[in-house]
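> Sequence:
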Amino acid sequence: MTARAGRRTGAPPSRVPTETTGQPRHGARRDRRRRGQRPRWRLPVVPTIVALLVTAGAALLLYPTTAAWFSAVEQAREIDRLTQDVSDLGAETLRERLAQAREYNAGLSGGGVDVAANERLPIAQDPDVDGGNDYLSMLRGDAEGLMARIRIPSIDADLPIYHGTSEATLERGIGHLEGTALPVGGASTHAVVTGHRGLATSELFSKLDRVVVGDTFSVEVFGEVLTYRVIETLVVEPEDTESLLIQPGQDLMTLVTCTPLGINTHRILVTGERVIPTPLADLDAAGEGGAGPGFPWWAVMGGGVLTLAGGYVRIAGRPRRDRVPVPAPATDATLSPAPPA
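For the sequence shown, full-length UniProt numbering gives the first residue as 1, with consecutive numbering after it.
Hints were generated in silico from the structure; no laboratory data involved.
Ideal Cβ placement from N, Cα and C applies to all residues, glycine included.
Heads up, some of the hints might be wrong.
Just the calculated beta-carbon pair ranges, DEER-fashion [claimed, not checked]:
no.	residue 1	residue 2	range
1	G57	V213	40 to 50 Å
2	P260	R42	37 to 47 Å
3	V50	D284	17 to 27 Å
4	L136	F70	22 to 32 Å
5	L136	V50	34 to 44 Å
6	T55	Q250	54 to 64 Å
7	R42	I263	17 to 27 Å
8	P39	L308	21 to 31 Å
9	L261	E103	20 to 30 Å
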């Protein structure tokens, strides 16, 4: 009994500690993982600023192209709407509208048009011509004053023509110069349409200076197609309006825009004479939908710039591979010997 009791009351055997770091085991494992893990990606400040500047610059460069693309889409929709509205009118109504327009033109044949210097709002010379209300009721395709469509194949232009030449009108499309003949053709008529050149948001007549003598353009108006062959191109001062007057017996149409780009001190006049009969190719194209601007390459270029800028920032933020993780410094707890048994 005594020996057995002695064994029970004896001191328990000493246990050698398995950890000598002076901290819990899970803390040591976490430290080892932290010391051995690869450095994390961090946002680089300077490369990010550079990428943002490059992206902003690309956006500024692509803005005119992007805005012109959306403007062309809207112009194609306007042409489609005009084509549909005209087709819904019926043949009899179309003949009546065209007859009214020709009667209006007959009142202009006595004297032509008077355009004040540097103005886009002409005044009919013939005192028998009614006021603006009569003009606005002619060839009115919709509530916004859409009247016709003009195509210029040599510069790939397909544009809507509206009543008048107000600034709001010329930002959307081509404006018919009030006081000149309506674009329905006929002997002793001279229709004049005008459009902006060099707008950042729309192309319009920006390439009109490339049209040369011999080129053709066509006007689709209330079911009829009129084709004109260019017989003269001029650059004149705004005060020179003689070239816009009616020429007895001739069926003329003049396209007008400003030049030089951004300065606009002169006018480009492209005058065409009616081709009779209308070429079959132009007749076959009548009623087709708006051509539209084609594929949006600006989106591809913009996406490419964003991808390159993002890739540059990502690569710049990666940790360098030659950086070896520095082990945590030893502490007194890690160097202290194990307590004696």
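> Taking the hints in turn, state whether each one holds.
Here's how the hints hold up against the structure:
no., hint, verdict
1, G57 with V213: 40 to 50 Å, "holds (41 Å)"
2, P260 with R42: 37 to 47 Å, "violated (52 Å)"
3, V50 with D284: 17 to 27 Å, "violated (55 Å)"
4, L136 with F70: 22 to 32 Å, "holds (28 Å)"
5, L136 with V50: 34 to 44 Å, "violated (55 Å)"
6, T55 with Q250: 54 to 64 Å, "holds (55 Å)"
7, R42 with I263: 17 to 27 Å, "violated (51 Å)"
8, P39 with L308: 21 to 31 Å, "holds (25 Å)"
9, L261 with E103: 20 to 30 Å, "violated (40 Å)"
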